[in-house]
Every structure is written in C-alpha cells, then in structure tokens.
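Chemist: Fit chain B to the known structure of chain A by using the hints.
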Amino acid sequence: MRALDGVTLAIGRGEFFTLLGPSGCGKTTLLRCIAGFETPDSGRILLDGRDITQDPPHRRRVNTVFQSYALFPPSDRRPDIAFGLEMLGRPRAEVQERVARMLALVQLEALADRRPEALSGGQQQRVALARALAPQPAVLLLDEPLSALDRKLRREMQSELKRLQTETGITFVFVTHDQEEALAMSDRVGVMAEGRLLQVGTPRDIYDRPATRFVADFIGETNFLPAMAGDGLVRLRSGEVVAASPLAGPVTVAIRPEQIRLVPAEEEGVLAATLEGATYLGTDSLLRLRLRDGSSVIARLPSVPGTDAAPPPGSLVGLRPVPGAVQVLAE
Amino acid sequence: MRRRSRARAGWLLSAPALLVLLVGAVGPLLVVLLYSFLTRGDYGGVRLPFSLEGWFRVFLRRDIFDGTVSLNTDHLSIFWRSIWLSLTTTLVTFVLGLPTAWFIATRPERSRPLWLFLITIPFWTNLLIRTFAILEVIRNEGLINTVLMRLGLISAPIQILFTDWATLIGMTYVYLPFMVLPLYAAIDRFDRRLLEAGYDLYADRWRVLRRVILPLIRPGIVAGCILVFIPALGAYVTPRVLGGGTNMMIGNFIELQFGQGRNWPLGSALAVTLLIAVMGALLLYLRATTPKGGHDG
Numbered sequence: 001m002r003a004l005d006g007v008t009l010a011i012g013r014g015e016f017f018t019l020l021g022p023s024g025c026g027k028t029t030l031l032r033c034i035a036g037f038e039t040p041d042s043g044r045i046l047l048d049g050r051d052i053t054q055d056p057p058h059r060r061r062v063n064t065v066f067q068s069y070a071l072f073p074p075s076d077r078r079p080d081i082a083f084g085l086e087m088l089g090r091p092r093a094e095v096q097e098r099v100a101r102m103l104a105l106v107q108l109e110a111l112a113d114r115r116p117e118a119l120s121g122g123q124q125q126r127v128a129l130a131r132a133l134a135p136q137p138a139v140l141l142l143d144e145p146l147s148a149l150d151r152k153l154r155r156e157m158q159s160e161l162k163r164l165q166t167e168t169g170i171t172f173v174f175v176t177h178d179q180e181e182a183l184a185m186s187d188r189v190g191v192m193a194e195g196r197l198l199q200v201g202t203p204r205d206i207y208d209r210p211a212t213r214f215v216a217d218f219i220g221e222t223n224f225l226p227a228m229a230g231d232g233l234v235r236l237r238s239g240e241v242v243a244a245s246p247l248a249g250p251v252t253v254a255i256r257p258e259q260i261r262l263v264p265a266e267e268e269g270v271l272a273a274t275l276e277g278a279t280y281l282g283t284d285s286l287l288r289l290r291l292r293d294g295s296s297v298i299a300r301l302p303s304v305p306g307t308d309a310a311p312p313p314g315s316l317v318g319l320r321p322v323p324g325a326v327q328v329l330a331e
Numbered sequence: 001m002r003r004r005s006r007a008r009a010g011w012l013l014s015a016p017a018l019l020v021l022l023v024g025a026v027g028p029l030l031v032v033l034l035y036s037f038l039t040r041g042d043y044g045g046v047r048l049p050f051s052l053e054g055w056f057r058v059f060l061r062r063d064i065f066d067g068t069v070s071l072n073t074d075h076l077s078i079f080w081r082s083i084w085l086s087l088t089t090t091l092v093t094f095v096l097g098l099p100t101a102w103f104i105a106t107r108p109e110r111s112r113p114l115w116l117f118l119i120t121i122p123f124w125t126n127l128l129i130r131t132f133a134i135l136e137v138i139r140n141e142g143l144i145n146t147v148l149m150r151l152g153l154i155s156a157p158i159q160i161l162f163t164d165w166a167t168l169i170g171m172t173y174v175y176l177p178f179m180v181l182p183l184y185a186a187i188d189r190f191d192r193r194l195l196e197a198g199y200d201l202y203a204d205r206w207r208v209l210r211r212v213i214l215p216l217i218r219p220g221i222v223a224g225c226i227l228v229f230i231p232a233l234g235a236y237v238t239p240r241v242l243g244g245g246t247n248m249m250i251g252n253f254i255e256l257q258f259g260q261g262r263n264w265p266l267g268s269a270l271a272v273t274l275l276i277a278v279m280g281a282l283l284l285y286l287r288a289t290t291p292k293g294g295h296d297g
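Here the protein sequences line up with chains A and B, keeping their order. Per UniProt numbering, the first sequence runs over residues 1 to 331. Per UniProt numbering, the second sequence runs over residues 1 to 297.
By construction, these hints were calculated from the structure, which means they are not laboratory data. It cannot be assumed that every hint is accurate.
Partial list, computed: chain A residues near chain B (C-beta under 8 Å) [unchecked claim]:
1. Pro-57
2. His-58
3. Asn-63
4. Gly-84
5. Phe-224
6. Tyr-280
7. Leu-281
Pair by pair, the computed Cβ-Cβ distance ranges are [as the list claims (entries may be wrong)]:
8. A:Thr-8 <-> B:Leu-118: 46 to 52 Å
9. B:Val-95 <-> A:Thr-8: 24 to 30 Å
10. A:Gln-123 <-> B:Arg-205: 29 to 35 Å
11. A:Gln-123 <-> B:Arg-192: 54 to 60 Å
12. A:Ala-248 <-> B:Arg-192: 53 to 59 Å
13. A:Asp-150 <-> B:Asp-204: 35 to 41 Å
14. B:Asp-188 <-> A:Asp-150: 29 to 35 Å
For every residue, glycine included, the Cβ atom is placed at its ideal position computed from N, Cα and C.
Bound-form chain A, shown alone (with noise of 0.2 Å):
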C-alpha cells in the first residue's frame, strides 16, 4: 500500500486548510513531504510557483508545529523561538524584537525563560506556535498540536489558532483526526482516506454534501439507507420515494440525525417508522426508529421545556427529512 496515492490539492494564500483522516489515512506523511521530511516517490510540491520538491528542510519557508512540540530544552538559555531567526542570520536587535512580539501574539510574555518541563502543555503548545511563527514562513504546518491538550483548553486554543492564523496571514496546513476541530477553525477541508484524498470543501460542504459514503460517515453521525435509483427517482427497498437522483440501480441514502422532524404518521409523504426508543440527553433526544423497510434511523430532536420530544415507544410516526437533507451516494 502507499502511504500517498495520486493526490493534487491546491491550498490558497492565506488559507487555513485542514487535512482530516483516521490515524493511518496518509495526512501527516502529506504534511511531512510539505516540510522536506519525506520526498515523495513521483509529483512535485510547488511553493509560491516554485518547486521545492528536493529542498531539504531547512531551505523550505515551511515551519512546523509538531504533535510533541519538540521543545529545545534551553540547556545554552536562549529561547526557543528565538531559534529558526538566528539560523536565518537575522540580526540580533531584529530577533529580539520579534521574539518579544511572538510571545505577545501568543499571550506568553511573563513565561519567556521558563523550561519546557516547567510549562503546561497549553503553554507549551503557546510556545511552540511562536517558534515556528517567529521565522514568518510562507506556510505553517500543524501536526495535530492539540490533541494532548484537554478538552477545554483545545477549544480555547481552537479559536487562539483562528485569531492567530487571521492575524499573520500565513497558510495554515492542519493537520487533525477530530473533525470538530476541523470544521470549526477551517477555510476548507481535505478528507483523506488510505492515501488518497477524497473530498476537498468548505467544511458546509463537506457536512453537506458528502462526495462518499465514507467522508459521510467519518464527519458527523448520518444514516445510512440501502436504495434504488431509477426513472429519475430514488425509492428506499419499502417503495417510498426519498429524493430524486439522475442515477441509477443501488445507490445509499444518507441523511443526518438532525435534519430529520417527526410528524404525524398520516401527512402526505412522509416515511412511516416505528419508535422504538428514546434517549434524552439534555440539549436534544435521540430516537431509535424502524423504517418499513426494516432499517433502522436515528433522530435527534431538540429538547423543549416541560415537553417530551419522543411519543411513547412503539408509536407509528411519520418522518420528514428538511429540504436538502437527504443526499444520493453511488455504491
């Protein structure tokens, strides 16, 4: 198997772009080759027009956040983000001048000379993004840097990449198996999957308009309803028509938890179910139901004061998917 098949992606200036996969899928190779630290076997990697698929690392104007961090332990007490500035020569008044806007861009300055040992990890990860800002790389790598932090301080440093990414102006590559993460801070999502890259889009796109079964079910919960196209129309194995597709023969039907309301079972055109259970889980319910068919569906309803979302279990219920909710993938 290779680790990276047959991929092109073009990532605007300025963007933040995030590349999403399981663990294994190829992303971090792909930010890897971007860094210099692998070389692919065949393809080019341009940088502003040019290629740059045989510089070494240390040529490319490429930083990277790494997972770890890989702080230098200041064993010779220069700070680290002073690092990749006095590598490229720059002046000394110059680098402390940036160091010293660095720290502030990443709200660290009363810490500048504390050990790495000594910072907690969000400070760690604080200091690691002034690292790789500091040098103002053309593009900024970021290998999953928030999945050792715990869940509320990644949602502070979620928003503190979009503030800082919108305040540089430098491309952010991200790199992330957390899809929250990636639809919330990106311009635009690659879904990757064994090498490849599957579907490139905005992340309404994306959750939207799935291009695959896979990039559906990897992104947000969806059901999954076997199908028939045919005539222009889509019928589930029941006969009720779901959507109207130019396709043809077995197709999928998905349709998110969410976008689905619960009507009376006797409105016209809507999908007969049975509940079968109910779970409420504070902002909203989910409902286990069957379909005619014998699939069975997931919804979730938003939770209303004093009312129970859910009838009794074994009612007959009528469902009704909100417009642009169902969406037709081929097998």
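Modeler: What follows is chain B alone, placed relative to chain A:
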C-alpha cells in the same frame, strides 16, 4: 520509633561495605598522605622526622652546589605530558566515540545489545595483553609498517613505538569504550524528533549538531570525558609498554619513586598531587552537570 530502628538496620546492613571502604580506601590514602610528610629511608621506605622535602621536590629543585631553588622542569614536563596526552586522548576518543555512539543508538532496538557487546569485548581481555597487541601493530616490524612498506608507500618504517604517539594510540584504544558508553546512554535518551524541529527551523546538519544535539547530550559528553580523562591521567601500563622508558607519565613517575628512586615521600606527594588534580576535574564535572539555579528553582 520504627523509623529509628529502620535507620539502625540501614547502618548495620551497610556496615560491611563501609568497613571495606575505610580499610581499603580511606586508610591507605591516609597512609600515603602521612608518608608524603616523612623523610625518605636509605633503602626505600620512610622514617622520622617529619619533613616537607617530598612536597618541595614535586615542583621544585635545589641546586646541589649553590643551593638555589628553581622549578623542576623535568617533573613539570612529566606533568605536562600527562595532562596533554590525557586531554588529547579525551578529545580523540570523543571525536571517534560520538559517531560510534550515534550509530549504535540509531540501530534497531533488537541489534543494539550486540553492538554494545562488541564495544565492551576489550574489557574481557587483560589490559597488558591488549597493550602488547597494540605494540605488535605499531612496532617497526609490525602490522602497519609492514603493510605500508609492502604497498610501497614508505621506504623505511615509521617510528611510532616509544613515542608519545604510541602512548596516545594505546590510550585512545583502551579508553574509547569509556567514552562511547556514556555518549550512547545520552544519545539514546535524546529525543530525535528535536532533529526535525532543528531542520525545520532552518538549521543545516552542522548547526543541528552544534545547537541541538551537543547541548542536549552534554551530560553524556561530560561523563565520557571524565571517565576517559581521569584514568588516562593516572595511566601506568600503556605509557610503560608503548611509551618506553623515557616518555613517562605521572603514573610511571610515581612508580619510579617507590621502586628504583627509593623516594617514598616524593612518590607519596606526587600521588596526592595526582589525586588533587583528579578531584579538581571531578569538581568541574559536578559544576558542569548540576543544573544552574533556573527561574523555576
């Protein structure tokens, strides 16, 4: 109560070791120290009264005829040769040992014990035998000279044996493992992801070595240097066999005082001087490895 009895048990358990240390290390040292302040006996040994003559003669000499005092340049040159040869040995073992240690530390986990075993194999052989093996390699009719002459690269043998070069080669060979092992331990602990961080931040290979690797493996470097420098300073067998009679180091000179020289007070004073030099080196080592009081305390 319980704590006190536990402390007593601790003392009891360590008593045999402490006794051995007292009798085997501290005792003889005190004896040497005492001897250095006595008068030399006519046929070796020492006798009363107390005298500073031994210490006087470590660095100084008194003219036999007019009694003027001057620096003893012969002794100084022996000290100087010892220090110079030991420092050079340390440097050479470091230059050879760093790539070796790096090579071993970057082998797959499974084959590393084999490489480490190969490094320690010389320990299994008597030092004297190994030194004579080196002698066989570098002597005028030895391996190196024979091969070079057969190849026509030289017309006459190069005199290596009984020069400082021979001592240097011998000591480098003998002490190399003491450099490689601590370096290996340090490199093994070294987080190699930091290399990528260095390359990523515009450092080329040389600057990654200087700015990332060397500072981070410094404890190993210091340990290796101490482990080579200190025994090299007191080396006896190697300079004796390879350096010949004239290229003495301190160790041989001390032996000379207790043997042919029959000047035990001088030998003792020299031994204590060597000890002080070693202690000084160790203090430097502690200074270099103890983290300076950082901001976090």
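Chemist: Does each hint fit the structure? Answer for all of them.
Modeler: Results of checking the hints against the structure:
{"no.": "1", "hint": "Pro-57", "result": "holds (4 Å)"}
{"no.": "2", "hint": "His-58", "result": "holds (5 Å)"}
{"no.": "3", "hint": "Asn-63", "result": "holds (6 Å)"}
{"no.": "4", "hint": "Gly-84", "result": "holds (4 Å)"}
{"no.": "5", "hint": "Phe-224", "result": "violated (40 Å)"}
{"no.": "6", "hint": "Tyr-280", "result": "violated (46 Å)"}
{"no.": "7", "hint": "Leu-281", "result": "violated (40 Å)"}
{"no.": "8", "hint": "A:Thr-8 <-> B:Leu-118: 46 to 52 Å", "result": "holds (49 Å)"}
{"no.": "9", "hint": "B:Val-95 <-> A:Thr-8: 24 to 30 Å", "result": "violated (48 Å)"}
{"no.": "10", "hint": "A:Gln-123 <-> B:Arg-205: 29 to 35 Å", "result": "holds (31 Å)"}
{"no.": "11", "hint": "A:Gln-123 <-> B:Arg-192: 54 to 60 Å", "result": "violated (24 Å)"}
{"no.": "12", "hint": "A:Ala-248 <-> B:Arg-192: 53 to 59 Å", "result": "holds (55 Å)"}
{"no.": "13", "hint": "A:Asp-150 <-> B:Asp-204: 35 to 41 Å", "result": "holds (38 Å)"}
{"no.": "14", "hint": "B:Asp-188 <-> A:Asp-150: 29 to 35 Å", "result": "holds (31 Å)"}
In summary, the structure is inconsistent with hints 5, 6, 7, 9 and 11 from the numbered list given earlier, while agreeing with the others.
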